[in-house]
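Got chain A; can you put chain B on it based on the hints?
As a plain string of letters, each chain reads:
There are 2 protein chains.
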Amino acid sequence: MSSKRRRVFFISDRTGLTAESLGNSLLTQFDGFDFLPMTFPFVNTDDKARSVVDYVNKSSEDGEGRPIIFSTTVTDSVRALLQQADALFMDLFDTFIPNIELELQADWAHAEGRRHGQGADGGKRYESRIDAMNFALEHDDGQSMRNIQRADVVLIAPSRCGKTPTCLYLALQHGIFAANYPLTDDDLDKLTLPAELKPLTKKIYGLTTNAQHLARIRNERRPGSKYASIQQVSYELRQASKLYERLRIPYTDSTSMSVEEIATLVMQDKGIRRHSF
Amino acid sequence: MSSKRRRVFFISDRTGLTAESLGNSLLTQFDGFDFLPMTFPFVNTDDKARSVVDYVNKSSEDGEGRPIIFSTTVTDSVRALLQQADALFMDLFDTFIPNIELELQADWAHAEGRRHGQGADGGKRYESRIDAMNFALEHDDGQSMRNIQRADVVLIAPSRCGKTPTCLYLALQHGIFAANYPLTDDDLDKLTLPAELKPLTKKIYGLTTNAQHLARIRNERRPGSKYASIQQVSYELRQASKLYERLRIPYTDSTSMSVEEIATLVMQDKGIRRHSF
Chain A
211 MSSKRRRVFF ISDRTGLTAE SLGNSLLTQF DGFDFLPMTF PFVNTDDKAR SVVDYVNKSS
271 EDGEGRPIIF STTVTDSVRA LLQQADALFM DLFDTFIPNI ELELQADWAH AEGRRHGQGA
331 DGGKRYESRI DAMNFALEHD DGQSMRNIQR ADVVLIAPSR CGKTPTCLYL ALQHGIFAAN
391 YPLTDDDLDK LTLPAELKPL TKKIYGLTTN AQHLARIRNE RRPGSKYASI QQVSYELRQA
451 SKLYERLRIP YTDSTSMSVE EIATLVMQDK GIRRHSF
Chain B
211 MSSKRRRVFF ISDRTGLTAE SLGNSLLTQF DGFDFLPMTF PFVNTDDKAR SVVDYVNKSS
271 EDGEGRPIIF STTVTDSVRA LLQQADALFM DLFDTFIPNI ELELQADWAH AEGRRHGQGA
331 DGGKRYESRI DAMNFALEHD DGQSMRNIQR ADVVLIAPSR CGKTPTCLYL ALQHGIFAAN
391 YPLTDDDLDK LTLPAELKPL TKKIYGLTTN AQHLARIRNE RRPGSKYASI QQVSYELRQA
451 SKLYERLRIP YTDSTSMSVE EIATLVMQDK GIRRHSF
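Which chain is which? The protein sequence lines are A and B, in order.
In terms of this note's numbering, the first sequence is numbered consecutively and its last residue is 487.
In terms of this note's numbering, the second sequence is numbered consecutively and its last residue is 487.
With the rest of the complex left out, here is chain A (with noise of 0.2 Å):
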């Protein structure tokens, strides 16, 4: 039976997000589908898949079409459990694990949590991303210059373009040490940078974004301010591009980017390795 609404369930042993990322990239190219998603974390004895089985197949007598789950569980017995709910049954090991084992010539470990657990390392590459976020607070908006050489990239902008959320997303996601820095009137009249920036001038990337778009942003946050009005950001984001393109420093326009989009472009601009946790 098909439906326009389909329950979808996100199914792991630890925190499911491998199965969201791997599920949303795939039901996002279906229009027209309402997906009710829910995820069951932290799915690891029979006790729990077989719960789970009975949950999906109550919701499965609902009329809205059978269920789809995404799972990433590493016990066979889970595994097999949850493959007998009525849904398409999707797994993230069963699909790939045995190409890999051939092209490896060996066998999985069956290994739980291993990719968000604190890692094999006694957990330094962790310590490195948290003192990341340290460094991506310490260094937001332009508050600290201290260390301010320890960074890996440097964005700078006009206020609200999105430095801030790209900054902390490139320490959680990538471990990046990522400052940011709000150009100030008198940077744009001048079109200059402080001297504590000059230094790291390769490492600075800027960010620009639509005058409307940056407006009505402002607007939410001092309504009808000076700070927010069409002439004060269009006269700051024009005087952004020409500071860029003087000290021909790289830039993009932020405006209809996610700070995944913006954090990657960044990355690859600035020849960063990435890491992934």
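Bear in mind the hints are in silico, worked out from the structure with no lab data behind them.
What you are looking at is a predicted structure, and each value in this text was computed from that prediction instead of being measured.
Please note: incorrect hints may appear among the correct ones.
If chains are identical, the list can't say which one is meant, so a pair holds when it fits in one copy or spans any two.
Each computed DSSO-like pair below joins lysine-lysine, with the alpha-carbon atoms no more than 30 Å apart [as the list claims (entries may be wrong)]:
1) 214 to 268
2) 480 to 258
3) 214 to 334
4) 480 to 268
For chain B alone, kept in the frame of chain A given last:
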């Protein structure tokens, strides 16, 4: 030819995040290999695909065994080119889309960048995520109680137990409004919480950690201080657990947990509907 070192390529027409998530989940299941990962984002033309294939093929001449490719590209011609690389080629769309098409009785859209775009809802969902990040920053470390009732969850713990990274992660990854409050000496001595938090008891989640671990982390920040002493740390953790028990606040030991794992536990415990970006 089999080798213990293997190059791994994540190739995507957009950010590459799904390919990384997929590939890393699978490869962490193989012990004793030294995987050398590299991500190629924005591979969305035949020309770019050809140059990636050249790069992959050259790298496979270095005697480290056949490379492994995880790919998520929507354009058929790009995928067909990538498939010709001298590598184990695994593509997310090739693998799963036919089953989903059959299930939904619908064709897939072949549309780029849907998962991390700003979305078909005019960016509303994306904006709520940025709002969540701003909320987390404003309500980090108890610095503001303004609009605290807007929080989906309030994390409490002694200093340096993982509150801040977890809150920022909840905001950026799941669009959840998360505040955090560091337990003060006064709270810990009296086993009470500030008046502002009382109406929010159902939203509160506590963290604790191993005393040696916490003393080490605090020593990196303030070496030799009372704040970092094992006596002080042990006292705070003991009192924090007492406070959680007394006020019936659910809590977990975050010592060996990643932010993803803590965030998943908190969402599950609080019955918070998670979004996925």
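We went through each hint and held it up to the structure:
1. 214 to 268: within (19 Å within a copy, 47 Å between copies)
2. 480 to 258: between (46 Å within a copy, 19 Å between copies)
3. 214 to 334: between (47 Å within a copy, 23 Å between copies)
4. 480 to 268: Result: close only across copies, 23 Å inter versus 51 Å intra.
The structure shown violates none of the earlier numbered hints.
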